[in-house]
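Listed in order, the protein sequences are those of chains A and B.
Residues in the first sequence are numbered consecutively from 28, following my numbering.
Residues in the second sequence are numbered consecutively from 28, following my numbering.
Do not take every clue at face value.
Stated by the list, open to error - Distance condition first, Cα-Cα at most 30 Å in a straight line; then the derived BS3-like pairs of lysine-lysine: (1) A:578 - A:458; (2) A:477 - A:712; (3) A:341 - B:428; (4) B:641 - B:630; (5) A:352 - B:352; (6) B:715 - B:565; (7) A:352 - B:341; (8) B:218 - B:634; (9) B:428 - A:352; (10) B:426 - A:341; (11) B:352 - A:341; (12) A:341 - B:430; (13) A:430 - B:352; (14) A:430 - B:341; (15) B:425 - A:341; (16) B:630 - B:477; (17) B:581 - B:649; (18) B:477 - B:500.
Claimed, not checked - For the chain A half of the interface with chain B, some residues (derived, Cβ under 7 Å), not all of them: (19) 263; (20) 366; (21) 439; (22) 452; (23) 697; (24) 702; (25) 708.
Since the hints were made in silico from the structure, they are not lab data.
Don't be surprised by glycine CBs; every beta carbon is placed ideally from N, CA and C.
2 protein chains.
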Amino acid sequence: MPSENAQHVTLDGNEAAALIAYALSEVIAIYPITPSSTMGEWADEWASQGKKNLWGDVPLVQEMQSEGGVAGAIHGALQAGSLASTFTASQGLLLMIPNMYKIAGELTPTVFHIAARTLATHALSIFGDHSDVMAARGTGWAMLCSANVQEIHDLALVSHMATLRSRIPFVHFFDGFRSSHEVSKIIALDKEIIRNAIDDRWVEEHRSRRLSPENPVLRGTAQNPDVFFQSREACNLYYDACADFVQNSMDTLANLTGRKYQIFEYSGAKDAERIIIVMGSATDTVKETMEVLNGQGEKLGLLQVRLFRPFSVKHFISALPESVKAIAVLDRCKEPGSVGEPLYQDIVNALYEARQNEKYVGKNSHSDVEVNVIGGRYGLSSKEFSPAMAKAVFDELKKDKPKNHFTIGILDDVTHSSLSYDESFITEDPKGVRALFYGLGADGTVSANKSSIKIIGEDTENYAQGYFVYDSKKSGAMTVSHLRFGPNPIRSSYLLQNAHFIACHQSQFLQSFDMLTMLLPGGTFLINCSLPIGEVWKSLPQKVQIQLHSKNAKLFTIDAYAVARECGMGGRINTVMQTCFFAISGVLPSDQALTLIKQSIKKTYGKKGDLIVKQNWEAVDKTLAHLHQVEIPALDDNSGYFEKERINKFGIVDHVIQEIIAGRGDCLPVSVFPVDGTYPTGTAKLEKRNIGFEIPVWDEKICIQCGKCVF
Amino acid sequence: MPSENAQHVTLDGNEAAALIAYALSEVIAIYPITPSSTMGEWADEWASQGKKNLWGDVPLVQEMQSEGGVAGAIHGALQAGSLASTFTASQGLLLMIPNMYKIAGELTPTVFHIAARTLATHALSIFGDHSDVMAARGTGWAMLCSANVQEIHDLALVSHMATLRSRIPFVHFFDGFRSSHEVSKIIALDKEIIRNAIDDRWVEEHRSRRLSPENPVLRGTAQNPDVFFQSREACNLYYDACADFVQNSMDTLANLTGRKYQIFEYSGAKDAERIIIVMGSATDTVKETMEVLNGQGEKLGLLQVRLFRPFSVKHFISALPESVKAIAVLDRCKEPGSVGEPLYQDIVNALYEARQNEKYVGKNSHSDVEVNVIGGRYGLSSKEFSPAMAKAVFDELKKDKPKNHFTIGILDDVTHSSLSYDESFITEDPKGVRALFYGLGADGTVSANKSSIKIIGEDTENYAQGYFVYDSKKSGAMTVSHLRFGPNPIRSSYLLQNAHFIACHQSQFLQSFDMLTMLLPGGTFLINCSLPIGEVWKSLPQKVQIQLHSKNAKLFTIDAYAVARECGMGGRINTVMQTCFFAISGVLPSDQALTLIKQSIKKTYGKKGDLIVKQNWEAVDKTLAHLHQVEIPALDDNSGYFEKERINKFGIVDHVIQEIIAGRGDCLPVSVFPVDGTYPTGTAKLEKRNIGFEIPVWDEKICIQCGKCVF
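Let the hints inform the model, and build the full structure from the sequences given.
Right under this line is the structure:
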């Protein structure tokens with residue numbers, strides 16, 4: 028029976044996974060790596076606070092010298108009969124591969140939770156795709172993929188259940204950043220549910236296999252050609268049984284929570300002819316797109332792959348509707364030189380084997396006819412995957428000769444792999460409210476927005492989602508916060524396509540970045556600006572003025588730094604800007620909002636002492652006095668106060684870098700990039716960010732020649 | 028034009044690869060690992076001797092702290108514009124994977140020569156299969172596979188040519204032990220050929236891309252979601268072009284040597300309906316089998332895969348005959364949980380894409396009809412793959428419902444994956460001579476046999492092949508030497524199926540191992556035995572006596588240890604046993620043989636001084652006086668001098684271990700093995716090897732209580 032007291036929490040994907048791993052582990056070895064870091068950090072923090080696991084013990088959380096050491100420590104802990112887990116990504120996962128082959132070969136239950144991240148090739152990337160987990164697909168581990176924060180929480184538990192039952196170790200993975208860092212309102216699995224999901228007999232069986240002096244056995248022998256092969260085949264039954272164990276665990280979870288999952292989950296038209304097969308966060312985007320298009324009379328389908336390994340052809344085929352004629356398989360990785368990417372190859376093979384088997388048994392069904400399958404790459408290194416792109420893939424399947432090995436989301440003007448797409452195709456929920464915030468890394472914008480999401484998600488009936496686009500320079504670079512609120516559950520796993528509210532926390536960004544294209548007609552634009560109110564309009568670039576005009580927008584301004592200074596908070600403007608958002612966006616009644624902000628401040632800063640709380644409360648109160656609506660006058664030809672034309676004085680590659688700096692990197696085609704990741708040096712000069720608010724002046728009298736001021 | 032002075036050399040696969048890598052490298056970083064060790068060791072030795080590469084320089088050979096360090100050192104050397112190579116296998120290759128992604132992403136030419144070895148899973152294995160190279164197939168490296176010693180030598184050069192031309196780094200791999208340690212007579216690539224094969228302009232282009240302060244560039248940037256994906260696709264043209272570069276390099280080699288290679292090489296009937304697709308040493312076994320069966324009227328084919336990555340569907344399809352109806356793809360690895368093993372998946376995909384393309388362009392050819400494809404695993408951890416097994420695979424393809432995902436070479440009585448095969452199917456060359464030697468690790472048997480192969484291979488017109496089965500205990504365990512000689516090139520990449528000559532260098536092995544089943548009727552059996560001649564026959568186990576009788580064999584005996592002692596050589600019996608072999612096997616006229624042995628001794632031991640040479644020469648001369656033919660009397664019921672019945676006092680797993688010790692591990696089915704590699708302890712007691720010739724006696728007077736004598 029579903030638990031009756033379903034508790035809503037607002038958290039990100041990493042915390043959702045770490046909560047389960049922590050509850051079900053005795054040993055957690057960590058070596059945090061982006062974007063999985065906070066899973067390890069949470070576990071470390073909880074252990075230092077004495078938080079207990081399901082059995083009332085505090086897990087041993089140990090940071091090692093590298094991910095290689097983590098894998099060895101986990102391998103050892105498992106052999107000693109402990110329940111052990113870890114978290115990693117990217118190169119970190121690569122260092123675990125040697126131990127992973129052994130852990131699987133010895134049929135040892137464990138779960139590694141992976142915030143899947145790009146592997147470094149021509150360039151390093153801290154962002155998300157599936158190239159890391161795909162590099163580990165030969166290790167003999169089960170691989171279960173979650174698409175969103177709720178799934179991460181639920182399937183983390185399924186992974187721990189299924190590994191204990193099947194003895195196959197599990198990689199539980201989800202999209203780095205897009206899912207690991209998306210803050211979302213979900214239903215928590217409480218201790219009672221976890222308790223009912225885990226049968227202690229499974230744990231006892233694992234314990235009974237431990238290496239122990241009381242019952243000595245030998246593991247890790249060296250075998251010769253005479254017996255290795257036979258021994259290697261001795262595990263087959265365990266792999267054959269694994270998919271059913273995962274489905275059974277999902278079914279148990281459904282009984283406990285009401286949330287149903289399938290290892291291959293089909294949704295869409297029952298008589299769909301065109302289907303997309305995909306795993307990870309893109310699933311939700313495809314689903315949203317498909318529902319809109321099916322509403323317009325199309326017959327489309329989506330097959331979400333959750334259990335990628337062991338790949339069960341039987342379950343896959345039974346999930347696929349017989350009507351299917353054309354399939355596009357989307358892979359979030361690239362393996363140059365292969366016939367095709369991994370999921371695509373699996374699907375072609377699975378369909379082949381289904382036809383082969385049915386031919387042998389004399390049946391005559393859908394799989395007797397060869398389905399047309401194409402494969403494509405998308406979303407490498409967290410490249411956006413939007414409904415417009417999903418639609419382009421569905422549309423491609425209509426063609427007589429759809430393009431195989433396509434790319435979607437870029438312009439490939441070299442090998443012409445890319446599909447074009449119509450950016451104006453938008454599927455945002457009409458009942459939702461969307462807000463976009465441009466801040467400076469470490470200026471508090473992201474923290475303020477996370478607080479706002481928690482307020483709306485936990486203190487109202489609304490659902491809330493936050494996704495934060497960081498530059499890999501982290502502190503000091505631009506951050507863009509994408510917030511969605513609304514009465515319906517939010518499964519839009521892509522950046523905002525338009526917004527009711529846009530805030531610019533750093534006015535200098537307006538010179539370089541186009542912020543207002545996304546503003547909906549009649550929407551609100553808030554700018555943090557130190558100029559007197561009368562000069563704000565004139566300071567705006569002409570393009571911004573035109574956009575505000577044509578959209579019939581409302582313009583607000585605040586000198587947030589002045590408020591922060593007045594309240595003794597230095598440059599920390601997060602509370603001020605958060606208050607402005609609630610004051611003018613109208614997502615909550617103003618009084619209620621102010622009360623909730625103050626509660627949130629108390630909760631967040633309480634530990635730091637009353638002064639900090641008081642300063643922030645004061646800032647809340649003073650903000651409204653400093654917040655002004657700016658009348659939008661007739662257009663002025665002399666505008667463009669700060670605007671300067673940037674002239675490209677450099678070569679083609681410098682042009683590329685300038686476009687990247689200007690936030691237009693997404694629009695650059697393949698042809699402008701070096702084939703091997705080689706760039707000119709000395710290009711830092713192209714990036715003048717103007718983010719300093721004070722100009723340091725050298726004071727000869729107090730100089731100790733430390734050199735840090737760079738004079 | 029082919030070089031006119033083709034020079035025959037007799038060497039093993041590792042030396043064949045190392046010779047080319049050394050000639051074409053400036054930096055060689057090493058961390059030797061079985062079975063690739065000798066490649067690194069040769070390079071180290073040559074460098075210390077001042078041997079020069081193609082350009083007259085002595086390469087820098089540097090041993091690192093691990094294979095991870097090797098990959099980093101190579102990456103660095105390449106970025107500095109050097110020509111750099113290394114050698115590795117198994118876990119060593121796994122540690123290189125992170126750097127390999129980067130080396131490929133930066134389009135950097137290099138060749139890693141891999142003696143492919145099993146990855147440790149339920150047990151460690153030092154032996155050969157493709158699980159290591161398959162674990163690296165996602166890195167974006169080209170992967171070229173050689174099937175025998177001549178190919179290793181030739182395709183090593185092709186790899187170095189093609190990497191420089193294509194900028195794609197190459198894994199050049201071949202079967203660990205079966206190819207890396209097979210000693211074979213091949214035609215060497217002399218300096219002139221290598222010189223003509225390598226265009227210095229390719230080297231200059233590589234140099235021009237180096238990191239250098241004179242022409243600074245930036246490589247190894249950090250990229251964000253905006254541009255990473257486009258940049259990743261910028262390398263596509265290089266991968267598209269790679270297969271043609273490899274084929275062109277093979278064609279250039281053919282012009283220089285007359286030896287022709289195809290990246291996908293078809294052989295067999297032009298109208299074959301049943302085809303095996305395979306790579307590595309098994310290719311030659313399949314080919315030999317196919318030729319015998321086609322000679323009996325079958326219509327079979329073989330498609331050898333040499334270039335596994337980039338996988339060129341175009342070249343693959345054009346190599347495949349249109350008549351094909353059924354294909355078996357053999358993979359020398361196992362990936363539990365996958366739909367199928369890697370090569371099988373590629374073939375299914377390639378055939379699918381060929382049909383897809385032809386459907387679109389409206390053609391109607393062989394690939395318009397779906398070919399029946401099955402995949403199977405063979406040869407894990409150097410498990411023998413014989414002509415009988417190859418025949419079983421061809422036979423399976425005749426069936427209406429051939430078994431997919433089969434295993435061949437074992438008995439799988441659990442999941443019933445295995446095909447049965449008829450061991451009596453033998454394809455040995457009737458013109459060849461085969462000899463089998465049972466020795467003790469480190470007793471000189473293998474060295475003596477390598478010397479014999481060199482004598483026959485280099486001093487006569489005959490071809491020669493030697494393969495040595497070691498136990499992973501190495502020194503002190505049994506070694507079995509499999510030697511083939513004959514007028515035809517020898518491509519039998521499997522153990523001897525029968526022998527004209529069998530020698531037992533350690534008589535105690537006769538009690539445990541069946542040596543004589545393989546002896547051909549009328550063949551010769553030589554035993555090294557310290558008993559007086561009159562007692563030799565009586566000392567033989569009854570089973571051996573019956574075998575010698577029924578085969579009408581000739582029996583010779585020598586007390587080799589007595590001869591060695593007389594000549595002051597202690598326990599080193601290799602020269603004595605080698606002399607016996609030439610004296611009684613008749614492969615060469617006796618006088619010629621003795622002269623060649625003495626020359627070989629001079630060459631081998633010359634550096635160690637005249638005394639050693641003289642002692643060995645004396646041993647050669649004295650051997651014949653101690654070598655006696657033993658008349659085979661009527662069978663005697665009282666025989667079995669040493670024979671004792673071994674009673675199984677232990678449980679089932681002990682039985683397994685006893686069978687392994689008795690050399691019958693190959694016959695054990697899957698069901699007797701633990702599923703996770705767990706064994707009881709204390710089983711060393713089951714192995715009583717009786718290999719000591721002297722019994723130590725404790726002398727109280729001189730004892731210093733060091734404890735090493737174990738009293």
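Verification of the hints:
1. Between residue 578 (chain A) and residue 458 (chain A) the CA atoms are separated by roughly 20 Å; this keeps the pair inside 30 Å, and the hint holds.
2. Using a Cα cut-off of 30 Å, the hinted pair residue 477 (chain A) and residue 712 (chain A) is violated, with the two alpha carbons roughly 34 Å apart.
3. A C-alpha spacing of about 19 Å is found between residue 341 (chain A) and residue 428 (chain B), which places the hinted pair at or below 30 Å, so the restraint holds.
4. Restraint check for residue 641 (chain B) and residue 630 (chain B): satisfied, since their Cα atoms lie roughly 12 Å apart, inside the 30 Å limit.
5. For a cut-off of 30 Å, the pair hint linking residue 352 (chain A) to residue 352 (chain B) stands: about 25 Å separates their Cα positions.
6. Using a Cα cut-off of 30 Å, the hinted pair residue 715 (chain B) and residue 565 (chain B) holds, with the two alpha carbons roughly 22 Å apart.
7. Distance check on the hinted pair: residue 352 (chain A) and residue 341 (chain B) sit about 26 Å apart at the alpha-carbon level, within 30 Å; holds.
8. Distance hint between residue 218 (chain B) and residue 634 (chain B) is fulfilled; the C-alpha atoms sit about 27 Å from each other, no more than 30 Å.
9. Among the hinted pairs, residue 428 (chain B) with residue 352 (chain A) is consistent with the structure: their alpha-carbon atoms are about 26 Å apart, no more than 30 Å.
10. With a CA separation close to 24 Å, the supplied pair residue 426 (chain B) and residue 341 (chain A) stays within the 30 Å bound.
11. With a C-alpha separation of about 26 Å, the suggested pairing of residue 352 (chain B) with residue 341 (chain A) holds against the 30 Å cut-off.
12. Our distance criterion of 30 Å between C-alpha atoms is met by residue 341 (chain A) and residue 430 (chain B), whose separation comes to about 17 Å.
13. Restraint check for residue 430 (chain A) and residue 352 (chain B): satisfied, since their Cα atoms lie roughly 28 Å apart, inside the 30 Å limit.
14. For the proposed pair residue 430 (chain A) and residue 341 (chain B), the alpha carbon gap of about 17 Å is at most 30 Å, so the pair holds.
15. Between residue 425 (chain B) and residue 341 (chain A) the alpha-carbon distance is near 26 Å, which keeps this suggested pair within the 30 Å criterion.
16. For the suggested pair residue 630 (chain B) and residue 477 (chain B), the alpha carbons sit about 13 Å apart, so the restraint of at most 30 Å is met.
17. Using a Cα cut-off of 30 Å, the hinted pair residue 581 (chain B) and residue 649 (chain B) holds, with the two alpha carbons roughly 22 Å apart.
18. A C-alpha spacing of about 20 Å is found between residue 477 (chain B) and residue 500 (chain B), which places the hinted pair at or below 30 Å, so the restraint holds.
19. Among the interface hints, the one on residue 263 (chain A) holds; its C-beta lies about 4 Å from the nearest C-beta in chain B, closer than the 7 Å criterion.
20. Because the beta carbon of residue 366 (chain A) sits about 4 Å from the nearest beta carbon in chain B, less than 7 Å, this interface hint is met.
21. Of the supplied interface hints, the one on residue 439 (chain A) holds, with its beta-carbon coming within about 5 Å of a beta-carbon of chain B, less than 7 Å.
22. With a least beta-carbon distance of about 20 Å to chain B, the hint placing residue 452 (chain A) at the interface is violated under the 7 Å criterion.
23. This hint holds: residue 697 (chain A) has a C-beta 5 Å from the nearest C-beta of chain B, less than the 7 Å allowed.
24. Interface restraint check for residue 702 (chain A): the shortest CB-CB distance to chain B comes to about 5 Å, inside 7 Å, so the restraint holds.
25. The beta carbon of residue 708 (chain A) is positioned within 7 Å of a beta carbon in chain B (closest approach about 5 Å), and the interface hint is therefore held.
In terms of the numbered hints stated before, the structure departs from hints 2 and 22, listed from lowest to highest.
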